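Q: Start from the sequences and build out the full structure, keeping to the hints where you can.
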Amino acid sequence: MISLKNINKVYTLRDGPTIAALNDVDLEIGDGEFLVIIGRSGSGKTTLLNVAAGLTKPSSGTVLVDGTDVWSLSDKEQSRLRNRKLGFVFQFPSLIPVLSALENVMLPVSLGDRNGHDGHNGDGGRAKAVELLETVGLGDRLASFPRQMSAGQQQRVVIARALMNEPELLFADEPSSDLDEQTEVEIMDLFADIHARTGVSIMMVTHASQLIKYGTRAVEMSAGRLRELG
Amino acid sequence: MKFKPLVILALRGISGSPFRSWLIGFCALVIAGFALSTVLVMQGARNSLDLTLTRLGADILVVPQGAEEQTQGALLMGQAVKEFMPMSKLAEIAAVPGVEKASPQLYLESLADAPCCSVANMFMVAYDPDTDFTLGPWLTQKIGRELTLGEAVGGKYVFVPEGEENIELYGYILSLESNLEPTGTNLDNSIFITFDTAREMARLSQHNAVTPLVMPEDSASSVLVKVAPGYDPKAVAVDIFNRVEGITPIQAPEMFGSFRNQVSGVLRAMLLVLGLALGLSLLLIGFVFSIAVNERRRQIGVLRALGATRGAVIVSLLTEATILATAGAVVGVVLAAVGIYLFRDLLTTSLGFFVFPSPGLVVGLVFAGLALAIVCVAIAAAIPALRISRQEPAVSMRE
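Which chain is which? The protein sequence lines are A and B, in order.
Take 1 as the starting number for the first sequence in our numbering and just add one per residue.
Take 1 as the starting number for the second sequence in our numbering and just add one per residue.
Hint data in this document are derived by calculation from the structure and do not stem from the laboratory.
Any given hint could be a false lead.
As the list claims (entries may be wrong) - Once the Cα atoms are required to be at most 35 Å apart in a straight line, the calculated DSBU-like pairs of lysine-lysine come out as: (1) K4/B / K85/A; (2) K213/A / K85/A; (3) K4/B / K76/A; (4) K142/B / K226/B.
Predicted model only: the values in this text are computed from it and were never measured.
A: In structure tokens:
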């Protein structure tokens with residue numbers, strides 16, 4: 001599914017010094033895997049996720065998605081790849097504030113380019129979006145705006161949005177870090193349920209070791225290097 | 001990439017930041033409104049001068065030497081003229097090779113508070129129907145004949161007082177036969193009578209008027225010259241100057257030169273202010289848009305992660321800018337056009353010469369004003385839009 005080889009990512013600070021966020025990282029994520037990457041703040045796990053998702057270019061190394069080198073693609077091709085094959089759940093509130101829950105979930109279809117066919121029976125993905133919101137327990141909040149929802153509810157909408165185009169791989173960057181314990185469990189249970197039902201591969205980064213149990217595989221990130229956990 | 005979601009995002013973005021939206025719209029209003037106002041005033045002044053030249057119908061205006069400014073001031077703004085030339089000059093001028101027609105005019109009086117005029121000063125001009133080639137053709141078209149004794153034609157602002165049947169000037173009854181088309185100059189305040197009527201009026205005013213009309217004997221204020229086909233007006237003007245003493249010929253294109261310069265001066269100042277307003281507006285729009293883009297940095301990063309291309313990001317932001325610019329510019333051009341139209345008489349008084357441009361031209365200028373504002377706002381917004389579109393999504397989403 002995704003293969004990262006010899007990945008290095010170096011940031012140059014404004015006043016000169018450089019920071020090596022990733023040091024010669026190799027990582028493979030296979031079909032149907034639920035990979036949990038744990039690490040402390042500043043360990044490089046978010047950088048790794050961003051590199052794997054094509055959201056930032058590595059300083060060196062290759063990122064292959066289904067055998068295609070992501071950074072050999074044009075911006076349009078990369079955008080299409082992200083739109084069709086990848087889904088995202090970010091740590092920060094990532095709903096578009098001026099769009100309703102339903103409109104946010106439909107966004108991947110709106111932004112997509114399917115040669116004139118939206119792949120959703122011509123309704124712009126509305127029926128699918130409604131179904132997804134019902135799946136995440138927000139069938140009665142279609143017209144609500146993000147400011148009218150709790151953090152947990154917003155994160156559920158984000159998850160629904162991430163699944164809109166039936167991605168092959170879901171990226172989750174600390175999806176529950178801003179949530180209370182109970183809501184965190186609900187969100188993680190939702191991830192587990194989605195993984196079990198759809199077989200979507202998941203790459204989740206977190207600092208919470210108790211979330212390892214949700215994955216099929218776990219690795220630890222420390223000082224820009226990866227270590228498999230047994 | 002579908003366009004509709006981008007438009008929806010743009011519209012929602014506008015309503016989500018009302019103050020910012022109003023500010024950008026206002027800048028567009030200023031750009032469009034000011035640009036249109038400047039051009040309308042410019043064009044109105046030019047129209048007026050050109051119409052006056054057309055009304056004069058002459059290729060060359062011959063005036064007493066030293067009275068160039070006075071004469072042009074009289075025609076444009078009704079200023080009194082004190083210089084005259086002997087009528088004998090008419091024959092000398094007519095004899096110059098290349099002069100097809102020559103006709104004298106006498107600027108008689110600048111009457112204050114004349115009852116038959118809707119402006120403060122009415123200007124009386126005597127002309128010779130036997131040699132005239134400017135009013136005559138127009139009279140033939142309008143009333144089918146020349147003026148006779150006791151008859152007059154007036155400019156736009158000359159009328160028969162309510163309750164009266166005729167105009168009385170210096171105790172003499174004049175029949176107003178028709179009104180000329182407006183020129184936006186003093187010619188609109190003018191009343192034209194034949195030399196015979198003027199002499200009769202002057203004679204009778206000795207007994208009938210409180211202040212008699214003083215008509216210089218055998219004199220003219222100017223001679224209008226029509227150049228024969230095949231002759232160069234400039235060469236004929238030079239020839240007139242060389243052959244006839246005590247006069248100055250002014251070619252039509254150079255007529256009102258000092259006034260054109262005055263107008264040019266005013267308009268240069270207006271253009272300078274327009275340029276400053278444009279520059280400041282662009283800076284403000286660029287600044288405001290930069291803030292808007294920076295505030296939405298994370299949002300844009302998310303859109304990119306979800307599959308929006310760089311082009312889509314730019315289109316969305318520019319759509320927002322264009323919608324705001326269009327709304328502001330529409331208000332601006334409407335205010336400018338309506339304002340200039342409503343205050344056109346005040347502009348005539350202030351500038352001395354102004355005619356509201358034709359509807360066709362105004363429509364064209366309105367669209368030009370709209371286009372200018374929209375393009376300017378789009379350019380100002382494009383810079384921050386391009387910058388954010390080039391950022392990696394991860395960089396945009398970074399806290």
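Q: Taking the numbered hints from earlier one at a time, note which ones the structure violates and give those numbers from smallest to largest.
A: The structure breaks none of the hints.
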